[in-house]
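Trainee: All chains should be built: construct the whole structure from the sequences, respecting the hints.
Which chain is which? The protein sequence lines are A and B, in order. The numbers in the numbering used here rise by one with no breaks, and the one at position 305 of the first sequence is 305. Throughout, the numbering used here is defined as the position within the second sequence, counted from one, plus 1000.
If you are wondering where the hints come from, they were derived from the structure by calculation, not from laboratory data. None of these values were measured; they are calculated from a predicted model. It is possible that part of the hints are untrue.
[To be verified] Label pairs and their computed distance ranges (CB to CB):
#1 B/1345 x A/278: 49 to 59 Å
#2 A/400 x B/1272: 33 to 43 Å
#3 A/350 x B/1264: 19 to 29 Å
#4 A/635 x B/1025: 22 to 32 Å
#5 A/400 x B/1224: 29 to 39 Å
#6 A/512 x B/1224: 55 to 65 Å
#7 A/272 x B/1651: 36 to 46 Å
#8 B/1651 x A/309: 31 to 41 Å
#9 A/289 x B/1529: 56 to 66 Å
#10 A/272 x B/1353: 54 to 64 Å
#11 B/1353 x A/301: 56 to 66 Å
#12 B/1651 x A/145: 17 to 27 Å
#13 A/350 x B/1511: 26 to 36 Å
#14 A/137 x B/1055: 51 to 61 Å
For each residue, glycine too, the CB sits at the ideal point set by N, CA and C.
There are 2 protein chains.
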Amino acid sequence: MGRDLDNLCVNTIRFLAADAVEKAKSGHPGTPMGAAGLAYALWDRHLKHNPQDPKWLDRDRFVLSAGHASMLLYSLLYLYGYGLSLDDLRDFRQAGSRTPGHPEYGLTPGVEATTGPLGQGFANGVGMAIAERWLAHKFNRPGHEIIDHYTYALVSDGDLQEGVGAEAASLAGTLKLGKLIYLYDSNDVQQDGPTISFRENVAQRFLAYGWRVTGPHDGMDIESVSLAIEDAREQPDRPHLIICKTIIGYGSPHKAGTNAAHGEPLGENEVKLTKERLGWPYLEPFKVPEAVLQHCRQALERGKARQNQWQRKMEAYAVVFPEETAQLKLQLEGRLAKDWEEGLAEILANSKPNLSTREASGLILNQLASKVPSLIGGAADLAGSTRTILKDAGNFSADDHSGRNVRYGLREHAMGAITNGLALHGGFIPFAATFLIFSDYMRPAVRLAAIMKLRVIYIFTHDSIGLGEDGPTHQPVEQIMGLREMPSLIVIRPADRAETLEAWKAALRRSGGPTALILTRQNVPDLDRTKLADASGLQRGGYVLWQSSGSPQALLIATGSEVHLALEAGRMMQEKGVESRVVSLPSWELFDAQPAEYRDSVLPPDLKVRVSIEAGSPSGWEHYTGLYGARIGVTKFGISAPGEKVFQYFQITAQNVAGEVLKLLAGGSHEKESSPGG
Amino acid sequence: MGRDLDNLCVNTIRFLAADAVEKAKSGHPGTPMGAAGLAYALWDRHLKHNPQDPKWLDRDRFVLSAGHASMLLYSLLYLYGYGLSLDDLRDFRQAGSRTPGHPEYGLTPGVEATTGPLGQGFANGVGMAIAERWLAHKFNRPGHEIIDHYTYALVSDGDLQEGVGAEAASLAGTLKLGKLIYLYDSNDVQQDGPTISFRENVAQRFLAYGWRVTGPHDGMDIESVSLAIEDAREQPDRPHLIICKTIIGYGSPHKAGTNAAHGEPLGENEVKLTKERLGWPYLEPFKVPEAVLQHCRQALERGKARQNQWQRKMEAYAVVFPEETAQLKLQLEGRLAKDWEEGLAEILANSKPNLSTREASGLILNQLASKVPSLIGGAADLAGSTRTILKDAGNFSADDHSGRNVRYGLREHAMGAITNGLALHGGFIPFAATFLIFSDYMRPAVRLAAIMKLRVIYIFTHDSIGLGEDGPTHQPVEQIMGLREMPSLIVIRPADRAETLEAWKAALRRSGGPTALILTRQNVPDLDRTKLADASGLQRGGYVLWQSSGSPQALLIATGSEVHLALEAGRMMQEKGVESRVVSLPSWELFDAQPAEYRDSVLPPDLKVRVSIEAGSPSGWEHYTGLYGARIGVTKFGISAPGEKVFQYFQITAQNVAGEVLKLLAGGSHEKESSPGG
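Mentor: Structure below.
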C-alpha cells in the first residue's frame, strides 16, 4: 500500500507538470516527470520544513538548481501545502502568476532561490551551507543546537557542465561542507539531445573535489533514493553527490528518454498516452487524488510540530543566552546595531591622506566589520589587492567555521553565486571582491542578485586604465557603464576617501538590492572639504562639489578619480575667466532617484555646455550631457604603461577637459550634436 | 656540460624576468622564475617552431595561459630569436613597447594568444587543438601529413580554479584531443598566499575528464619534464596534463615559495641575494651569457630546416592536390570564395514569410556554410533553439574530425574561449551561439576576441522580453547595450529576414574583429521592400526605412523587432496628420563609422523630436535621441508571460510610441530634458 501511495504521489507530480506545460503551451515537462521520484523521496522522507512558515530559520534548504523544472517545484509546493492553489498551477507561465517559467525568489513561498541560468543554484547551495555552518558555530551552545539544517539541491547535467558549478564544487570540497546533499538527476539527455559532449566520469570528478559520491542509484526507485539520502545525512564529513539515473519524460511512449521531452509540451495526445502507460486513470488535467493530497498535507502538522519543538529550544536558548539571541535576531532581520557608524569618521581622520579609494575602503570595511558581525565575505584570490581582508577575523575553513574571510580562490563566478547563497540563507550582509574587470566573470551571478534584490556588496577595485601596467586585459573600459545598465544594481564610484566612506554607508543602508563599489588602485588626493561641498552629498548620487564665483557657463560632471581632473580644469578655466561648476556624480542610480527639483538644481537644464569625464566608456554619458555636450572617456582598449601615462595616452587630462569646454563655448558643438559617435 | 648549459639557460630566463620586473617596478617575477625550467624543457627539446616565421602554419602552438608570467615568454622569445631585443625587455610594461604587462596577440611576434584573465588560455588551446585535428582530417592525405602539430600550454593553479578551464578540460577529454599537452606549473601558491582554497585532487579530476595525467614531476628538473613531454607526445589518444611541482620565485632567499614572489618586484637587494644563491655571477641586469644565446639561437637554423622540410612536403602536396592546396590557402588567408554570396537571395526568397530572425539566420548560415568551408562552430546546448545546426555537416567528435558542428555542451564560457582558439589557430571563421542572456556567461571571452580583433561571429538569439514565458532570468535587458559598450565588437540587430541576410553579409565580410548578431525568438513580419527602403541600408548601420509624405516632424529610431512597432506608429500618426520618419538602426557601430553627411541625412540635426524604441535598456539611447527625445525600452527585469503580453506590460507598443511623439510635439519635453533618469 505504501508503495502504491508513493507511486500515486509521484505520478501526481508528473502529471501536474505535464498538464501545466500543456496548458501553458510552453515549458519543460521532461525533468519534472523524470525527477519526480527523487524530489518526492526527499520531500516526503527527509526535508525538514514547515509549509506554514517557509521562512523558518532552521528549515532545510532545497534549491532546484535545474530551474527549468519549475513545475516540479510548484507541484511540490502545492501538494505540501505552501499555499499555492491548483489555479496557480493552471496559471503557469502567465503574467502576474505565482508560477512563472522559472522559480522566482520572493514571489512564490517556498522558493529558496531564483534559478534557471544553470550552475547558479548549485553554487547558491554552497553559500547556504557555509551560512549554516557559520551561524551554527557562532550561536549554537552545548545542548542548544538551535541551528542545524541541511542544504539540498536537485542538479542536472547542465548544472554540472557549467563552470560556475565546478568552481563551487571544488570549494565545497575544500571546505568539507558535510551538510550539503545534492541529488544529481542524471538522465543522459539535455536540450540538444543525448549528452554527447559530456562523457566525463562525474563521480570521479566529485571524489577528486573531496565529495562523497554514491550511486548511480535507480532514480526511479524512491526507496533507493531515500536510503541514499539517509546515508548521506549520517556522514556529515564532506559534501554529498547522490547520482540518480532517471528517465527524462518518464512514461511518455514516444518521447521518454529523448530531448523531445525536454523543452516543449508533450502534446495533448502524448500526454494521454503517457497517462495510459503509467496507469493514471484521470484524463482531466490537474487531477490530484484525494489520498495524495491527504498524505502530502500531513507535512503541515509534521512541520508545525517540528518548528514548535525548535521554538521551545529557541526559548530555552533565549533564557540562557539572551545576548546571543538578540544578536541572532538582529542578524536575521538584517538590522544594523545602533552604533554601526561609530568609529568610522575617526578611522579616516587618523589615516594617511590621499589614499587610493580601495585603501580607504579597506580601513572602513574593517571598522564596519567590528560593529556589523553579519558582514562576511572575501575575494577571488585578490583579498590583498582589493583590501578586503578582515583583520583578526580568521578564514572560514573546514577546520574553522568562525572565520569571516571566505577565501574563494580564483573563482569569481562561484564567488558571486555563493555570495547570493549567503544572502539567501539569511543572517548576513555578504561582500565579494575582485578587480572591476573580473566582474565580467561573475556577471550572471550579479544579475541574479539584482533580480532577487539581495543585499550584497561588491567591491570592485582597479577601476580604470589608472591601474596601469597590467594593460588592456586588466583595464576596465565598458564595465562601469555595463553595470549601470543592470536594473536594481546600485553602482557607486567615489572620488576620495570621504566619498568612499559615504559610499560604504549607502551600501550598508541599502537592504533592497545589491550595491557595487567601484574603487581605484591608484592614490587620489583628498578633496578639501573646508573649501568644497561635503561628501555627504554622495547620498543623493551627485552634488555640486565646487563652483567658481560667477554664474557658471559650463558644467563638468565626473566620477571617481576623474573628479580631481574636473576640479583642476574648473580652476584652470577660472583663471582664464571662464566660470564653471564641478559636479561629483558617483552614483547615477541614486541621483536619478532624486526629485526633479534637486536634479535640476545640480544640473540646471538651461546650462547646455556640459562635459563628462570618466575613465571608462563615454557612450551613455549623453544621459547627462545631451548631444550638445562632450564626453571624455576611453573609447578603445587600454595599454600597458604606468597609470599616469595611460591617462595621458587617452587624453584624460585637465587640459583636455578645459579644451573641450572652450570648444563648446566657442560654439563648436554643432558637429558634435549631429554626429553622435563618429 | 649539457646540464650546466641548461642551468645557465634557465637562470638566464629567471634573471631576465626578475630584472625586467625590477626595472618596470611592477610585474610578476615568481612564476617565470619557478617555471623557467618547464618552459625551457619544452622550447629547447620539443617545440616545433621557426622563430623567423612565427606564423608558419604547421608550428606547434604554445599558449602561456598564466599570462601574468609574460616575462617568461618574452625571455624565451628574445633568446630563441623572435626579433625581440634586450631593449624590448628593458621596456617591459612601458607605453608603446612590445613587452606589455600581459602577452598581446598581434603585438609581439610569437605570442599566440592574449592572455592574463585566467582560464582563457587553457580554453584557447583546446580550440587550437580542435583546429589542428579538423584541418589535418580535411587536408592531410596518406603520405602527405602537411598538418601535424601539437598544442602546448603552461597553466597555473589559477587556470585550474577558473570554471572556464574546467569546462574546456571536460570537453577536451570528451573529444580525446590527444595532441594537447599542458604543463601544469603546480607551485601551491597564488596571489593571496598558499592555495588553501584549492585542496582538490587535480590529477584525479583530469583523469575523470578523460585526460592522461602524469606526475607530479620535479618541475625544477629539466630532464624529467622533458621525458614527461616525450611520453605525452607518444600517446596521442587523449589530452595530457603533466603535473610539475615547482617553486615560485625559485632562488630568492626570502621570498621563494611564498606569494611575496608572485605579484611584485623582488626588490633590488633580494634580486642580488637571489643571484648569489643561484651562483649567477652577473650583477648587471639583463645579462645574457654568450653561450646561452648561442645555444638558444640554434633554434633559428633548426626551425628554418624544419620549415623547409615542411615546405617541400607542401610543394609535393600542391602537385598532387592542387584544389586542396588552393582551398587550404583560401582558408588560411581568411578569404571567401568568389561565389560565397551565391544562393543566399534564393534561400530567403523561397522560405516561408515572416520568419523569426533566428529562423532566417539558420537558413542563411546553412547556405553560407555550403560556400564557406571555414565556417564551423556550434552552440552551448542550444543548437536547435538558436538554429545553428549545420545540416549534414556532422558533429566534430573524438571519432569524427570532419564534423563542422561543435557541440559545446552547456558551457558558454569555454565555447567563447575555444572559439577564440579556433580563430587564433587560423583557417576558420568560427561561430558561437547561445541565447543573448547567456552572453553574460561568456563575456570575458567575447572581450578577448574584441581585444585580439578576431574574426568570430556570435549568434545571440532570444534577444528580448519577446522570448516570453521563460521569464526574467532568460529575458535580456541590459545585454544589447552592454555589448555595444565593448570596443571593437560590432553588434547587429536585424529587423526581418532581409536585414538578417545583410547582417550575415556584414559579419562575413568583417575580418578585423568579432560581430554579434542579435536575433529574435519570435516571428517578425517581412518589411515590404517594394514600399520601404532596401535592406542593404544595413551595411551603413542605419537608414531611412520609411517616411510619410510631408516634411517629418519626428524621428522614430528602432532596431530589430521594434522596427515594426515604429513603422506602425509612423503610419498611425500619418493618419492623424503627423509626419514622421522611421529609421532602422540595426548597428550603432556601423552607423557611427559613416561620414557625418550620411548620418546627418538619416538623422537631421535640426529634427529634435526623436523617439527610440528597443526592447532593452533605454539608457544609452540618448546617444541618438539627446535629452530632448524620448526612449522607449525596458527599465526593469522582465516577467514570465507570453511574449506579446510582456510587450504590453512594458508598454512597448505602437500606441505608446505615437503617444510619446505627440507629447514631445506638444512641448512636453522640457521636464524630460531636465530629468535624465527620473
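Trainee: So, for every hint listed, does it hold in this structure?
Mentor: Against the structure, the hints come out as follows:
1. One distance hint, 49 to 59 Å for the beta-carbon pair residue 1345 of chain B and residue 278 of chain A, holds here, with the actual separation near 51 Å.
2. Between residue 400 of chain A and residue 1272 of chain B the beta carbons are some 40 Å apart, a value that agrees with the proposed interval 33 to 43 Å.
3. Roughly 27 Å separates the CB atoms of residue 350 of chain A and residue 1264 of chain B, a value that falls within the hinted 19 to 29 Å.
4. The hint said 22 to 32 Å for the Cβ distance between residue 635 of chain A and residue 1025 of chain B, and at roughly 28 Å that hint holds.
5. The beta-carbon spacing between residue 400 of chain A and residue 1224 of chain B, approximately 38 Å, falls within the hinted interval of 29 to 39 Å.
6. Separation of residue 512 of chain A from residue 1224 of chain B is about 58 Å and conforms to the stated range, judged on CB atoms against 55 to 65 Å.
7. With their beta carbons about 41 Å apart, residue 272 of chain A and residue 1651 of chain B fall inside the hinted range of 36 to 46 Å.
8. With their beta carbons about 51 Å apart, residue 1651 of chain B and residue 309 of chain A fall outside the hinted range of 31 to 41 Å.
9. At about 59 Å, the beta-carbon gap between residue 289 of chain A and residue 1529 of chain B stays in the expected band of 56 to 66 Å.
10. Between residue 272 of chain A and residue 1353 of chain B the Cβ separation comes to about 34 Å, which falls outside the hinted range of 54 to 64 Å.
11. A C-beta distance of roughly 60 Å is found between residue 1353 of chain B and residue 301 of chain A, which places it inside the suggested range of 56 to 66 Å.
12. For the hinted restraint 17 to 27 Å between residue 1651 of chain B and residue 145 of chain A, the CB-CB distance of approximately 53 Å leaves it violated.
13. Under the hint 26 to 36 Å, the C-beta atoms of residue 350 of chain A and residue 1511 of chain B, about 58 Å apart, miss the expected range.
14. The hinted range of 51 to 61 Å is satisfied by residue 137 of chain A and residue 1055 of chain B, whose Cβ atoms lie roughly 58 Å apart.
Hints 8, 10, 12 and 13 from the earlier list are contradicted by this structure; the remaining hints agree with it.
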